[in-house]
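Chains as they are written, first to last, in the working numbering: chain F, 1 to 423; chain X, 424 to 846.
FYI, nobody ran anything at the bench for these hints, they're computed from the structure. Misleading hints may appear alongside valid ones.
Think about it this way: if two alpha-carbon atoms lie no more than 27 Å apart in a straight line, the pair counts; the simulated DSSO-like pairs of lysine-lysine are [stated by the list, open to error]:
| no. | chain 1 | residue 1 | chain 2 | residue 2 |
| --- | --- | --- | --- | --- |
| 1 | F | Lys410 | X | Lys621 |
| 2 | X | Lys621 | X | Lys569 |
| 3 | F | Lys370 | X | Lys792 |
| 4 | X | Lys569 | F | Lys370 |
| 5 | F | Lys370 | X | Lys839 |
| 6 | F | Lys72 | X | Lys792 |
Number of protein chains: 2
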Amino acid sequence: MSLLIKNASFIVTPFKVVKDKSIYIENGEIVEFETQEADIVIDARGMVALPGLINLHTHIPMTFLRGIAEDKGLEEWLNEEIWPREKKLNEKVVYYSSLLGIAESLRFGTTSFVDMYFFEEKVAEAAEKLGARAWVGEGIFDFFEKEKTEEEIKRAERVLKRVKKMKNELINPTIAPHSVYTCSKELLQVCSEIAREKGIPLHIHISETKEEVEEARKKFGMTPLLYLSSFKFFERNRVIGAHGIWLSARELVLARKFNLTIAHCPISNLKLGSGIAPIGKYLKRGIKVGLGTDGPASNNSLDMFEEMKVAALLQKLSDVRFPTLEVIKMATVYGARALGFKGGVIEENRPADIILVDLKKPHFMPIIKKEQVVNNLVYCAKGEDVAYTIVNGEIVCRGSVENLEKIESKVLEEVKKAGIVYE
Amino acid sequence: MSLLIKNASFIVTPFKVVKDKSIYIENGEIVEFETQEADIVIDARGMVALPGLINLHTHIPMTFLRGIAEDKGLEEWLNEEIWPREKKLNEKVVYYSSLLGIAESLRFGTTSFVDMYFFEEKVAEAAEKLGARAWVGEGIFDFFEKEKTEEEIKRAERVLKRVKKMKNELINPTIAPHSVYTCSKELLQVCSEIAREKGIPLHIHISETKEEVEEARKKFGMTPLLYLSSFKFFERNRVIGAHGIWLSARELVLARKFNLTIAHCPISNLKLGSGIAPIGKYLKRGIKVGLGTDGPASNNSLDMFEEMKVAALLQKLSDVRFPTLEVIKMATVYGARALGFKGGVIEENRPADIILVDLKKPHFMPIIKKEQVVNNLVYCAKGEDVAYTIVNGEIVCRGSVENLEKIESKVLEEVKKAGIVYE
Chain F
1 MSLLIKNASF IVTPFKVVKD KSIYIENGEI VEFETQEADI VIDARGMVAL
51 PGLINLHTHI PMTFLRGIAE DKGLEEWLNE EIWPREKKLN EKVVYYSSLL
101 GIAESLRFGT TSFVDMYFFE EKVAEAAEKL GARAWVGEGI FDFFEKEKTE
151 EEIKRAERVL KRVKKMKNEL INPTIAPHSV YTCSKELLQV CSEIAREKGI
201 PLHIHISETK EEVEEARKKF GMTPLLYLSS FKFFERNRVI GAHGIWLSAR
251 ELVLARKFNL TIAHCPISNL KLGSGIAPIG KYLKRGIKVG LGTDGPASNN
301 SLDMFEEMKV AALLQKLSDV RFPTLEVIKM ATVYGARALG FKGGVIEENR
351 PADIILVDLK KPHFMPIIKK EQVVNNLVYC AKGEDVAYTI VNGEIVCRGS
401 VENLEKIESK VLEEVKKAGI VYE
Chain X
424 MSLLIKNASF IVTPFKVVKD KSIYIENGEI VEFETQEADI VIDARGMVAL
474 PGLINLHTHI PMTFLRGIAE DKGLEEWLNE EIWPREKKLN EKVVYYSSLL
524 GIAESLRFGT TSFVDMYFFE EKVAEAAEKL GARAWVGEGI FDFFEKEKTE
574 EEIKRAERVL KRVKKMKNEL INPTIAPHSV YTCSKELLQV CSEIAREKGI
624 PLHIHISETK EEVEEARKKF GMTPLLYLSS FKFFERNRVI GAHGIWLSAR
674 ELVLARKFNL TIAHCPISNL KLGSGIAPIG KYLKRGIKVG LGTDGPASNN
724 SLDMFEEMKV AALLQKLSDV RFPTLEVIKM ATVYGARALG FKGGVIEENR
774 PADIILVDLK KPHFMPIIKK EQVVNNLVYC AKGEDVAYTI VNGEIVCRGS
824 VENLEKIESK VLEEVKKAGI VYE
């Protein structure tokens, strides 16, 4: 099956901007830029093609908690609103909530997402159903209770097995221990070993709040990243550290040494009052940075374009600034590298995860210089400007989502059945 | 001519959220909520109605400079990119660039905007052409050169006369001296007198940067707001102070006393590295705050929904927080009050400036509680979710903009003719 994207006004690879080219795709891969015929042809005149966006840190099923309560402090919010509801979770709530979140993601141009939550096999099923590329890992934590450690590892392994059974090249496993303040050293060590052995990414929250860092200092005599490196957590592993707001100079040296990728989630970090990660500094020191939305309850969208704009805006407050193009890279190729994924680039022999953004709208006009394409993608574009979302050579969304009302009514039905009470 | 908005799922007034109501409109006014027939009927099932958004500070014609250069420092950006181009401005560039910016504004649910730029009579004409409500004021500055003062006042008065001649109740005049660092005391005083005499708003930049405050201290021995109050600038005037990031405790007391409204422009303030206005504190002290996008060259959109989200997010970093509903008020009724405009509220006998936001999209789902409507409007909605924009009882935009390519090609043509050189 071949697909041709014809006459794209611009292509952002994202290393450079190319004008008036076509993209020929076969068997899920970008083949070349010359062919002018194919089974399916998209006329992309007035559009810009860029690599599908990679959401490097999210909890996608949390759509069922979106907007529930906004005007409470973090602790009150978690204790009164989020945790009591999460305790009543079941597979079905996760499945239908994931459908909603993945539908939004694809609509908004996110072709890949890296997820950590409960019942992750259901997230995987929802991703498969809608044709998204996903990295799923059961979020595990033993709260330092020895009798729970093994059980948590089993929970993670169950998802690994389920994912393997799916035999879907778009669905990839990760190991996702929650954080140093919720997981014992034993649990973290086993996770690190499994990841190493299987060659899969390790996904963990690191230094999201000042409190987390303070607590680690008291408990372990070390800040979180130092602590993790003290028992070789990073060794020969591909680690995605979500947030990474409060890293010390010494930790930055280690982050670089161990090739850690920070999943920068600026909107969630603002919304939860956690702070602003100094990613200009990180990038300058050679530390890898990708972008994530975090869960929809702390954002509250899954729109990577918004995330790009806020990331670009916040760095203007700091001394170390980076160019707009760097933001596009964070949302695409840097995320791909973190995952060991060949995508995130529009080039021959790369997976055909591509989105087309419609420039024929007043908020993109006028475009005269090539630089404006990149600048306007970062500062003016939103998820809703995405006209086509292509994953692995398949068109999975054409600018609108079908069966939405059915999905929403299923979410509501299951949420009520589970006793996750609403008015 | 009567218009009926039928079956709106929710109405945000914005003082409360009402469910399943209709809105009956006649002769540009909201009449009542019972009538079920009219000349034109909109079925608003699955939509939420809220007052048209009021952009309290912008330079709308700057669309022609959108995205021109993003990775330069402020000074370099102004000196090398913006000012040399602005010098070559003419009426036609302003007119067509305004059409573009106003088209975007209406598309994104902004029904009123408060503008300050050059050739403002052309902004007024563009607003009239597209059916927007506007407050226009020629941006004036004499740079402390005595021989220029009179000329600048004439420039402002010419626009006042032109607006009066239009006899369009939607187009309103303001007096817009640029700032204390670009206008002499004499110029500021005359502006203040004209505004008082004519009963029109005074629109000025106040304390946007630390440098501005420092300079005022050196030059006048006083910070900007104190300086203005020293010659009765605020006396019996309706003043909109754009930005107001760096106000002292003493200035806050005066701001409240003089009923100053701060036009908060959080995105521009981040993008230009100016800082974050502590509006939580302002609101708590009884100071009025509205919302603005600033010009499209420092944003780069004219999307008040984005502005609401960023305003809500940034305050989470501070100690004084405010509820989500307050953000909706800043974008509607607080802006209206600042202008002495009866709109900004969905109520009987108010001007019918109303927008309908389509909730039938995955990023709004699920909605169960009424609070979620407000929370999701602030944290999830974008301009592109606006399905209908109604100004003064007329549908001026139905979710897409016509004749766009014509407008863009005119902008490009005029920009080239004027010698505002592009590649």
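Against the structure, the hints come out as follows:
1. F/Lys410 / X/Lys621: Violated, because 59 Å separates the two Cα atoms, which is more than 27 Å.
2. X/Lys621 / X/Lys569: holds (25 Å)
3. F/Lys370 / X/Lys792: violated (45 Å)
4. X/Lys569 / F/Lys370: violated (43 Å)
5. F/Lys370 / X/Lys839: With Cα atoms ~17 Å apart, F/Lys370 and X/Lys839 stay inside 27 Å; holds.
6. F/Lys72 / X/Lys792: holds (16 Å)
When held up to the earlier numbered hints, the structure conflicts with 1, 3 and 4 and fits the remainder.
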